[in-house]
Structure formats: C-alpha cells, structure tokens
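Peer 1: Below are the chains, spelled out letter by letter.
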Amino acid sequence: MTAKAKSGAETLGFQTEAKQLLHLMIHSLYSNKEIFLRELISNASDATDKLRFEALENSALYEDDGELRIRIAIDEEAKTIQISDNGIGMSRDEVITNLGTIAKSGTAEFLKNLTGDQKQDSQLIGQFGVGFYSSFIVAERVVVETRRAGATADQGVRWSCEGEADYQIEVVERAERGTSITLHLKSEEQEFANDWRLRSIVKKYSDHIAIPVQMLKPVTPPMPNADEEDADKIEDAEIVPE
Amino acid sequence: MDLYQREAARGIKLYIKRTFIMDDAEQFMPMYLRFVKGVLDSADLPLNVSREILQSTPMVDSIRAALTKRVLDMLGKLANNEPEKYATFWTQFGAVLKEGPSEDHSNREKIAKLFRFASSTSEGAAPTVSLADYVARMKEGQDKIYYVTGDSHSVIANSPYLEVFSKHGIEVLLMSDRIDEWMMGYLTEFDGKSFQDVARGELDLSKITGEDSQTDTDDTADKGSDDAEQDELLSRIKSLLDSKVEEVRSTSRLTSSPACLVVGDNDMGEQMRKIMQAAGQAVPETKPILEVNMQHPLLSKLDAEADEDAAGRLARILFDQAALSAGRPLENPAEFVQELNRLMFN
Chain A
1 MTAKAKSGAE
11 TLGFQTEAKQ
21 LLHLMIHSLY
31 SNKEIFLREL
41 ISNASDATDK
51 LRFEALENSA
61 LYEDDGELRI
71 RIAIDEEAKT
81 IQISDNGIGM
91 SRDEVITNLG
101 TIAKSGTAEF
111 LKNLTGDQKQ
121 DSQLIGQFGV
131 GFYSSFIVAE
141 RVVVETRRAG
151 ATADQGVRWS
161 CEGEADYQIE
171 VVERAERGTS
181 ITLHLKSEEQ
191 EFANDWRLRS
201 IVKKYSDHIA
211 IPVQMLKPVT
221 PPMPNADEED
231 ADKIEDAEIV
241 PE
Chain B
243 MDLYQREAAR
253 GIKLYIKRTF
263 IMDDAEQFMP
273 MYLRFVKGVL
283 DSADLPLNVS
293 REILQSTPMV
303 DSIRAALTKR
313 VLDMLGKLAN
323 NEPEKYATFW
333 TQFGAVLKEG
343 PSEDHSNREK
353 IAKLFRFASS
363 TSEGAAPTVS
373 LADYVARMKE
383 GQDKIYYVTG
393 DSHSVIANSP
403 YLEVFSKHGI
413 EVLLMSDRID
423 EWMMGYLTEF
433 DGKSFQDVAR
443 GELDLSKITG
453 EDSQTDTDDT
463 ADKGSDDAEQ
473 DELLSRIKSL
483 LDSKVEEVRS
493 TSRLTSSPAC
503 LVVGDNDMGE
513 QMRKIMQAAG
523 QAVPETKPIL
533 EVNMQHPLLS
543 KLDAEADEDA
553 AGRLARILFD
563 QAALSAGRPL
573 ENPAEFVQEL
583 NRLMFN
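Chains A and B supply the protein sequences, listed in that same order. First residue of the first sequence: 1, per this note's numbering; consecutive thereafter. First residue of the second sequence: 243, per this note's numbering; consecutive thereafter.
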C-alpha cells in the first residue's frame, strides 16, 4: 500500500528548546574555560567600535568622554569579576533582543547597515551571537548593567540571569554610558578572581584589539595609599591601530 | 624552541580580527620554515563557533602559499643584500631549510638558491658558496654540479675522491651536514644542471679535461696487452676480496691514493645508511665498488706478489684504507691493525 497525501504539504518552522540550547552553548561548545574573558572583551571592543561609528554622525554621543576603553575589576572578597566598557550601551529593547535571543548577533545586525567601505574600516569581531553566554561557564549569576549612549541617566537597564531558562530585567539609574558585566563566580571557578590569571588571559587572547584594556587594582586586600580610580594599564594591551 | 622535535610549538600565532585563535597554526607555514615566528591576522577565514578552530577552506592553502613565497623572497633578498647577516641565518637554520626540496616541490628551485655550501676551492669550512656561484664558475664543458657528502668537513675536504678534481681545478661542493645526502636525493637539478655525487657511479671528466680519462698513457699498439694485464689484475683483486666488493675497476678519480670505494648509481650512500641505521631502520645490503689507481706503486707490488696469502692481505689493506679515507667504519678494525702491523715488520 502506498501512502497518499490527503491534502497539500505544510511548511512548519523549527522549534527551539531554548533552555537546552543555552545549556549546549555553556557546556558543550568551548574546550577552554578561560575564553569567557576573550568573548566579553571582544563584545566590549565591538561596543566601543559601534560608538565610534555612530559618533561620526553625532559626536554628542561621546558625552565628553571620548577616551574609549575596557576596564576589568576583580573583587576577591565577593568573588566577582566586572568587565566594563564605555561603548555604545543598550536600551531596554536592545537588551531584550540581544541578550534574550540566543544566536542573535547585534554586531552582525550592525554590519548589515554599513556600507562596504565602512565594513572594511570596522574592526568588529562578533559574528555568531553566542559569545556572551560563555560567561555562564564560570559564573553562577551574571548581572548586566547598561545605558545607551545619548540616553538619560534614568534609562539604565539591569539584566540578570542564572544561566537557566529565564532572566530578570529592570530599569535603573545609571550615570555612566556603556555596559558593565558582573560575573558572580561559581565556587569551583574562583581561581579566575585573580589579577595575574586574568592578566595572562587578556594577554593571550586580546593583546591586539584596538582599544586599551585596563585592570583596576584589586579592591581587597586594601593597599596603603591604594587609589581605586588609579587604573593600571596592562602593558602591550593598548596597541592602537591605524 | 627545539627545531628537531616534531611536536614542538611552531611559529605562527593565528588571530582573527585581532582576537587570538590558536598557537602554532601549522597549516600556514611548511615544516621547513618552522623557524619563522609570527602573527597572522585575517578577517576572512571562517571560524568555528567556538573560535578555537578554523573551518577548513581553500583560503588556508592560498595564505600558506603566499606566506611561503614571502618568506623565501625575503630570505633571498637578505642573502643578496646582507650576506653577513644571511651567513648567520644559514648557520642557525640552514639544516632546517634543507628539508625544503623534499617537502615543497613547487618551490624547489627557489629554496635551492638559498643554500650555501663549503667548496673544495674556497678557504675554510664555512658554507659560503651558493649554487648560483658554483654554476657561474663552472668549467667549459662541465654540465654537472659535483658534490661530495660525508661526516665532517675535514673528512671530505681531504677525501681521495677530490684528487682528480683538484688536479683539473674543478670545484666540488663539500656537504657535511647529516641531512645533505638525503636532501640531494630530492634535489636533482639546479639551473638545468644535474648533480653528481663524486663518490657515486662512473665518473667521466673527459668533456672538461679534453683527454680520454681512462687511458691517457701509452700508444695504441700497446693498449691491447695493457688492457689484458690490467683486467687480469682487477679480477685477481676481486677474487681476493671476494665477498666484500661488487666490482673492482680501474679508476679515473685518483691521482695519489691507491684506491677508493664507490657507491653504485642507485645504491644507498654512506651518510644515508648511517642515518637509517641510527633510526632503527633495516638497511639493504649493498657492496661497494673498489676503484684502484693502476699507476700507484702499491698496485704494482700487489701484481708482483706471488704468494696468495700475502696478496690477500695487501688487497684487504687496500680495501680497508679506501673505506677509512671515505669515512666509512671498518668491518673488522682489529684485523686491519694487525695486518698493517705485520706489513710494517716485514
């Protein structure tokens, strides 16, 4: 007996098991744990690059802070690592689209809107839309605070997630432009809350990105005369192109 | 970095859009250029999602070809413009570069241009002669590049194989790197000239010297009887040495030494044999050819010796001497010493 189609063929979209997909991204994609820092720095670098582009048309976006940089701060006591940039930042909607959609690359989207010459010029790194989730390899909880360049201080957004099926999002007050990502390290990954360890990872993977990466001096233990604002630049991490 | 460990890290670090992907990206540089250190940054190579490996693509091959060409061109320029600097480079990495001809056929000529060797006409053991230099100095009628390989410069610089060449002022390249003989198996010609190992096969210099090298004495009338006598002596030596040699023949290579050993055209050379043995490989049994200098008094003495035992001893000493001067190990050194001592007391 041969099967006969009773009606016309249907076209159906694929379903995604989002939770499972996120699990795959976190546990089955990378062979090295330390690459989370490479991914976050690459994202931060892209964010500053995007600001550079948009500010070509609207220099007010710089908000009197034109010195683009990435900062890494470690809190050994609280076992957190914070990676901050003063790049383009995100609005609430952008946070939902970019962080709330797996395999959605904001950079790929951004590149689509550029002309060929601009694409050549750009140093944008991202392409897959999955790098951010590598933070959950080492972190049990990730908190993202961001404000889009040009928006007012009360339009900051806080996004937090524990690497499971859902995330929280709220509007907060945020004075500085750009994005800060705070990783609350898993108890077995606390080796990363170490200045020297992070420096060597940055040096290994991100020694040649376009903007400087600065390490803040560790908050604890308090050093005599330690000045928190005194950013200690990593040598060689500031190779400026062009 | 240990250049001779296959697993050791290679030079090129791969970055894509300024972000580090991997160390020792071996696909981008051939083995024989493994001393090159560098950073490769590209925006065009397709990455695996994890950014830890590359998806395979024909682009990798074209980048590799371009990089190889660039490195070889750069070395060529260095060799032309700053020979002293190049000499330093060559002493450090020359032996690695010599792996090139076997690995990279398409760039063989280019790699060969970078080679430097010691030569029988230049002073000292320093490798300073390029193949192009050699070809430019070639004698009229010379169509081959002559070379000799061996364990050390002093062994080959004084080797009996060079006697006839120095008599006629023909330059011979002296190759004393371990890899040389193996390399020459892959380097068959340069600038249209083929290579000839002077310790291998028949040697015919008549085109260069303009004389018939086999028989340059006596007039034709005597030749017949001479040849017959000569043949008799040669076959006598052959029977005395029996199992040790493939053939005994009169030589055109020697002027002052009594005898030398020659390897057949298709047999494995001495250096190669040693390397294979050291690597634990089985080596085919081949017998060398003994070439004797008919003008040498030792040969006349052997011819005149009626006692078969004494003649046998002389023949064995002749053979062992030839082996020693070619840098070969003796099969039975103690016996050689005893026989030599006996000869001295006679």
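Think of the hints as simulated: they come from the structure by calculation, not from any bench. If you're wondering where the values come from, they're calculated on a predicted model, not measured in any experiment. One or more hints might be untrue.
With a straight-line Cα cutoff of 25 Å, these simulated SDA-like cross-link-like pairs (lysine to any residue) come out [stated by the list, open to error]:
1) Lys33/A / Leu282/B
2) Lys204/A / Asp286/B
3) Lys33/A / Tyr257/B
4) Lys104/A / Asn290/B
5) Lys104/A / Asp286/B
6) Lys204/A / Ile295/B
7) Lys279/B / Leu314/B
8) Lys204/A / Leu314/B
9) Lys204/A / Arg260/B
10) Lys203/A / Leu314/B
11) Lys50/A / His410/B
12) Lys203/A / Val291/B
13) Lys217/A / Glu189/A
14) Lys119/A / Pro300/B
15) Lys119/A / Gly253/B
Peer 1: Against each hint, give a clear statement of whether it holds in the structure.
Peer 2: Here is how each hint holds up against the structure:
1. Lys33/A / Leu282/B: holds, 24 Å
2. Lys204/A / Asp286/B: Distance of about 21 Å is within 25 Å: holds.
3. Lys33/A / Tyr257/B: Status holds; Cα separation ~19 Å.
4. Lys104/A / Asn290/B: Holds - the C-alpha atoms of Asn290/B and Lys104/A are around 16 Å apart, at most 25 Å.
5. Lys104/A / Asp286/B: holds, 21 Å
6. Lys204/A / Ile295/B: Roughly 16 Å separates the two Cα atoms, so the pair holds.
7. Lys279/B / Leu314/B: Holds - the C-alpha atoms of Leu314/B and Lys279/B are around 14 Å apart, at most 25 Å.
8. Lys204/A / Leu314/B: Violated, at roughly 29 Å.
9. Lys204/A / Arg260/B: Holds. Lys204/A to Arg260/B sits at ~11 Å (cutoff 25 Å).
10. Lys203/A / Leu314/B: Roughly 31 Å between the alpha carbons, so the hint for Lys203/A and Leu314/B is violated.
11. Lys50/A / His410/B: Given pair Lys50/A, His410/B is violated - Cα atoms ~76 Å apart, limit 25 Å.
12. Lys203/A / Val291/B: holds, 22 Å
13. Lys217/A / Glu189/A: holds, 21 Å
14. Lys119/A / Pro300/B: Roughly 23 Å between the alpha carbons, so the hint for Lys119/A and Pro300/B holds.
15. Lys119/A / Gly253/B: Distance ~30 Å between Lys119/A and Gly253/B Cα, so the pair is violated.
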